[in-house]
Amino acid sequence: MTDRPNTDGSPFDGLPGDLMIWVLIVSELLVFGAGLAAFLGVRLTDPAGFAAAQDHLHRAAAGVNTVVLVTSGWLAALGAQAVETGRLARARGLLAAAAGMGAVFLAIKWAEYAGKAAQGIGVETHPFFTFYYLVTGFHAAHVAAGIVVLLLVAARAQAREVEAGVAFWHMVDLVWVLVFPVIYLLR
Amino acid sequence: MAHVTKAWALLLALSGASTVLSVAVARGALAGGAVTLGGAAILALSWAKARTILNAYLRLDEAPAFRRGFGLTLALYALLLLALYLAG
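Chains A and B are the protein sequences, given in the same order.
Take the first sequence: its letters are residues 1 to 187, numbered as in our numbering.
Take the second sequence: its letters are residues 1001 to 1088, numbered as in our numbering.
Isolated chain B, as found in the complex:
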């Protein structure tokens, strides 16, 4: 299977997981701290999707130094979003 096709399959799986989690939260299947954990998991899944697009679709896998730089910046940004979410 081609690299981009594997990435596409992974993106579909991650998107499905995000949607299932959010539907569970919206329908009240999760409560209290589990809702917050669910939100944090949704953000983590989003971070994984963004990394996959950068590395496979935008081909940063071919440029390890840039992949590390973008990866670090994206991780810091995801942590900022997580902090803002948890503060709410």
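Next up, chain A with everything else stripped away, as it sits in the complex:
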């Protein structure tokens, strides 16, 4: 935990981390939140078709990916704590491990997409899959970006940069715990 001096009396002084990373987090949550609400809205027009399409998804693999991502978030949080206390080697190791777990997430996602392609399932197969590829693909792009960010901040190991990079990674984690049940689980 870092004590932050109140420098300008701004109401945002109490926020953990930079204000701009929170602006980014809220923006991303609005985009994904709208996407998921639209998904459930379109589902109202064809609930049986959406349920049948969902049966083509691999729920267990997505469940494993949830464990991978929340574990990655835990490693990143420990890394941020380590850099704050000056344990830079430990911080770099934890952040690299978090990035590695992100790579595992993408590998599982790639296998999932390859399985769909092998079944001839594409973006235009059904509106369910249009949303599926759009939402999970956009999220996967954020995971890929987050891996790069984690590796960059791990290399420099500066407290402010690590805090911002790790906050971005937690946002990716947060989005997934909303995407996973809506797209993969709800019947």
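It is possible that some hints are incorrect.
[Said to hold, decoys possible] Which chain A residues stay away from chain B? Per the calculated CB distances, all over 10 Å, these:
| no. | residue |
| --- | --- |
| 1 | S10 |
| 2 | R59 |
| 3 | V67 |
| 4 | A77 |
| 5 | R92 |
| 6 | A96 |
| 7 | E112 |
| 8 | G115 |
| 9 | V123 |
| 10 | T125 |
| 11 | A167 |
| 12 | M171 |
[Unchecked claim] Ranges of calculated distance between the beta carbons of each label pair, as one might list FRET restraints:
| no. | chain 1 | residue 1 | chain 2 | residue 2 | range |
| --- | --- | --- | --- | --- | --- |
| 13 | B | R1068 | A | V123 | 35 to 43 Å |
| 14 | B | L1076 | A | D55 | 28 to 36 Å |
| 15 | A | V31 | B | A1026 | 24 to 32 Å |
| 16 | B | D1061 | A | R90 | 33 to 41 Å |
| 17 | A | G137 | B | L1072 | 39 to 47 Å |
| 18 | B | T1036 | A | L134 | 25 to 33 Å |
| 19 | A | A155 | B | A1031 | 47 to 55 Å |
| 20 | B | A1026 | A | L19 | 19 to 27 Å |
| 21 | B | G1069 | A | A111 | 36 to 44 Å |
| 22 | A | E124 | B | L1012 | 20 to 28 Å |
| 23 | A | G137 | B | D1061 | 50 to 58 Å |
| 24 | B | V1023 | A | A111 | 34 to 42 Å |
| 25 | B | T1036 | A | S10 | 24 to 32 Å |
| 26 | A | A155 | B | V1023 | 39 to 47 Å |
[Claimed, not checked] These stretches of chain B come out as covered by chain A in the derived footprint (C-beta under 8 Å, 3 or more residues):
| no. | segment |
| --- | --- |
| 27 | 1037-1051 |
| 28 | 1061-1071 |
Don't read these hints as lab results, they were simulated from the structure.
Ideal Cβ placement from N, Cα and C applies to all residues, glycine included.
Starting from the known structure of chain A, fit chain B onto it as the hints suggest.
Relative to the frame of chain A, chain B by itself:
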């Protein structure tokens, strides 16, 4: 145990519960209204996971006013998703 480690353990437990519920629904172990209740429970578990990430991983526990604001917004959003799910 560190705060973030407790949060991680909680997230694993909540994720496990979501997966068990969804597998039960997919295998036909639940039927009729129980399927809908199962879906509502899955959404509630998701809301709990999101709150845990916001409060522990993103450290809103250190900023109670922002924690309340984000918590309220997230709860309203979860209710919107629940309403859309129940309407289906």
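Consistency of the hints with the structure:
{"no.": "1", "hint": "S10", "result": "13 Å, holds"}
{"no.": "2", "hint": "R59", "result": "6 Å, violated"}
{"no.": "3", "hint": "V67", "result": "6 Å, violated"}
{"no.": "4", "hint": "A77", "result": "4 Å, violated"}
{"no.": "5", "hint": "R92", "result": "18 Å, holds"}
{"no.": "6", "hint": "A96", "result": "18 Å, holds"}
{"no.": "7", "hint": "E112", "result": "16 Å, holds"}
{"no.": "8", "hint": "G115", "result": "17 Å, holds"}
{"no.": "9", "hint": "V123", "result": "22 Å, holds"}
{"no.": "10", "hint": "T125", "result": "20 Å, holds"}
{"no.": "11", "hint": "A167", "result": "6 Å, violated"}
{"no.": "12", "hint": "M171", "result": "8 Å, violated"}
{"no.": "13", "hint": "R1068/B x V123/A: 35 to 43 Å", "result": "40 Å, holds"}
{"no.": "14", "hint": "L1076/B x D55/A: 28 to 36 Å", "result": "31 Å, holds"}
{"no.": "15", "hint": "V31/A x A1026/B: 24 to 32 Å", "result": "29 Å, holds"}
{"no.": "16", "hint": "D1061/B x R90/A: 33 to 41 Å", "result": "23 Å, violated"}
{"no.": "17", "hint": "G137/A x L1072/B: 39 to 47 Å", "result": "31 Å, violated"}
{"no.": "18", "hint": "T1036/B x L134/A: 25 to 33 Å", "result": "26 Å, holds"}
{"no.": "19", "hint": "A155/A x A1031/B: 47 to 55 Å", "result": "54 Å, holds"}
{"no.": "20", "hint": "A1026/B x L19/A: 19 to 27 Å", "result": "43 Å, violated"}
{"no.": "21", "hint": "G1069/B x A111/A: 36 to 44 Å", "result": "39 Å, holds"}
{"no.": "22", "hint": "E124/A x L1012/B: 20 to 28 Å", "result": "37 Å, violated"}
{"no.": "23", "hint": "G137/A x D1061/B: 50 to 58 Å", "result": "33 Å, violated"}
{"no.": "24", "hint": "V1023/B x A111/A: 34 to 42 Å", "result": "20 Å, violated"}
{"no.": "25", "hint": "T1036/B x S10/A: 24 to 32 Å", "result": "45 Å, violated"}
{"no.": "26", "hint": "A155/A x V1023/B: 39 to 47 Å", "result": "41 Å, holds"}
{"no.": "27", "hint": "1037-1051", "result": "holds (count 8)"}
{"no.": "28", "hint": "1061-1071", "result": "holds (count 4)"}
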